[in-house]
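Chain E: place on chain C using the hints.
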Amino acid sequence: MGDSQYSFSLTTFSPSGKLVQIEHALTAVGSGQTSLGIKAANGVVIATEKKLPSILVDEASVQKIQVLTPNIGVVYSGMGPDSRVLVRKSRKQAEQYHRLYKESIPVTQLVRETAAVMQEFTQSGSGRPMLGWLQTILDFNGNCGVRPFGVSLLVAGFDDNGPQLYQVDPSGSYFSWKASAMGKNVSNAKTFLEKRYTDDMELDDAVHTAILTLKEGYMHLKLLFF
Amino acid sequence: MQRKVALKITTTLCTKNGCLDAGTIERVQSLAFLIPQAFVANTQRSLHWFLRLRSSSIFQVCVMSKAVVDVPPKGGFSFDLCRRNEMLSKKGVQTPPFRKTGTTIVGLVFQDGVILGADTRATEGPIVCDKNCEKIHYMAPNIYCCGAGTAADTEAVTDMVSSQLQLHRYHTGRESRVVTALTLLKSHLFSYQGYVQAALVLGGVDCTGPHLHTIYPHGSTDTLPFATMGSGSLAAMAVFESKYHEGLTREEGINLVSEAICSGIFNDLGSGSNVDVCVITKGHKEYLRNHQLPNPRTYVSAKGYSFPKPIEVLLTKVTPLKEKVEVIEGGDAMEE
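If you read the protein sequences in the order shown, they are chains C and E.
full-length UniProt numbering puts the first residue of the first sequence at 1, with every later residue one more than the last.
full-length UniProt numbering puts the first residue of the second sequence at 1, with every later residue one more than the last.
Only chain C is shown next, with the shape it has when bound in the complex (with noise of 0.2 angstroms):
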């Protein structure tokens, strides 16, 4: 296949027109532990299981879904570590509005942040200011050690428009969704969802859905909602 030669490089379009590197990125993604969100008619939940490698390791250490802001959590699906940097970079920007703006960020702003964030990864560059005028002569393959995120993340959030959850891919698109899954098994808990979602849900309700569609062969839980 064509695009075989161009999967190594980030900064290559293949020539169907795709950059082969997300693609893989969102194979990662598709392979991580399985993670969902619903929405409700008066607030959002995020669940994922936790699934830990032994019974040695310590679970209260494992923290798979994070507070953002004291609105808005978010979970993912794919590599851990990942996740962590974005998570940092997201907490200061949410702080960095608040401490401009006074008023606590919106979820969009915050998801759109977040989103352009994972976009800077996918273009040679991440906004390293990397010896200046040497950027622009060196562009092999050199594009200065950055990969794609390898996480796609739900962010649940509650402000002035009510309940909001979306979904961040690591090409640094979003998507707003009533309820959604990642990972393991999407296809599966999306039919679910499906069958099971309407508008009009209460909190408890779409907490007893989530944990029926995680449940589908699942052993540990790890519930947040707002």
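Everything labelled a hint here was simulated from the structure, so no lab data went into it.
Any given hint could turn out to be false.
[Stated by the list, open to error] Dumping the calculated EDC-like pairs for lysine to aspartate or glutamate here, alpha-carbon to alpha-carbon at most 20 angstroms:
no., chain 1, residue 1, chain 2, residue 2
1, C, 102, E, 155
2, C, 184, C, 216
3, C, 18, C, 120
4, C, 102, E, 159
5, C, 92, E, 159
6, E, 282, E, 206
7, C, 51, C, 216
8, E, 285, E, 252
9, C, 195, C, 216
10, E, 186, E, 222
11, C, 92, E, 175
12, E, 186, E, 206
13, C, 178, C, 159
14, C, 92, C, 159
15, C, 102, E, 134
[To be verified] Chain E is nowhere near these chain C residues, computed Cβ spacing over 12 angstroms in every case:
no., residue
16, 26
17, 41
18, 95
Even glycine gets a Cβ: it sits at the ideal position worked out from N, Cα and C.
Below, chain E without anything else, positioned relative to chain C:
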């Protein structure tokens, strides 16, 4: 054409065969200005000078123009205008006065935690510019900070450190400690060498107990059981020195703090108006804004005001203004 460029010639010069040594580079740099035969090719970010030297080899010099390249801004103050300011002050031009909180701020440790107190007057030279300002700033749910000195400095610095503490709380998942706030504040103030004029009284209760600190504009700190800062500090300290003892109850503590602030309000010109108090205990805080108002303002005149009878409306006439813009319906669409 010889183009004037503010220069920082990079030291990477390349010939067709390799790089030059330092000696040759210097020669080329000095010659770059002199040789009029250089012609310039404009590329995206730099000017490439193709120079023909005596040795008739062509050098390609990458010249960085300050105007063209984005140089990351350096931190800290820029002292560019200091000379101009000196010159102006020699000629007798005074710097404009900035808003200060000539102030009385106090703090003390009592048996359950910490109590902070402050007056509420902000001055601009001899003028009171704010009769009821807030000098007790929020740092964390369990830490508050009183600020004396330049109002903008105290507010900006406490705001900034409060943001940093919030991020720190997210990352660690723990309650902030008073010493963390202390260290962030003092390192910031020290790095600005006293130019950020903020004198602070920092108090709070964390997992290690109640703490009270003072921070001076140059970055030094003290840890004390009772502290006062600002222009009214001596008046307030006199009260503390005579009446403070360990193991005060909450009521005694609040009364002592109010007394000290009142002493500052009445005996110091830079302090005045009302008393603000903030009580911080383990897991709980109480911000008593305007706890005491010893300087009430009387607006009512003793004789009372009499207003004349309202005038009757005899005639109402509405004259609409002419519209300057005429809207032509069905005109041609705008042509490019």
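Do the hints match the structure? See the list:
1. C:102 <-> E:155: holds, 13 angstroms
2. C:184 <-> C:216: holds, 12 angstroms
3. C:18 <-> C:120: holds, 17 angstroms
4. C:102 <-> E:159: holds, 11 angstroms
5. C:92 <-> E:159: holds, 15 angstroms
6. E:282 <-> E:206: Status holds; Cα separation ~7 angstroms.
7. C:51 <-> C:216: Since the Cα atoms of residue 51 (chain C) and residue 216 (chain C) sit roughly 14 angstroms apart, the hinted pair holds (cutoff 20 angstroms).
8. E:285 <-> E:252: Status holds; Cα separation ~17 angstroms.
9. C:195 <-> C:216: holds, 15 angstroms
10. E:186 <-> E:222: holds, 11 angstroms
11. C:92 <-> E:175: Holds: residue 92 (chain C) and residue 175 (chain E) sit about 18 angstroms apart, inside 20 angstroms.
12. E:186 <-> E:206: holds, 19 angstroms
13. C:178 <-> C:159: Holds. Residue 178 (chain C) to residue 159 (chain C) sits at ~16 angstroms (cutoff 20 angstroms).
14. C:92 <-> C:159: holds, 19 angstroms
15. C:102 <-> E:134: Cα-Cα ~17 angstroms, so holds.
16. 26: holds, 28 angstroms
17. 41: holds, 29 angstroms
18. 95: At roughly 5 angstroms from the nearest Cβ of chain E, residue 95 (chain C) sits no farther out than 12 angstroms, so the non-interface label is violated.
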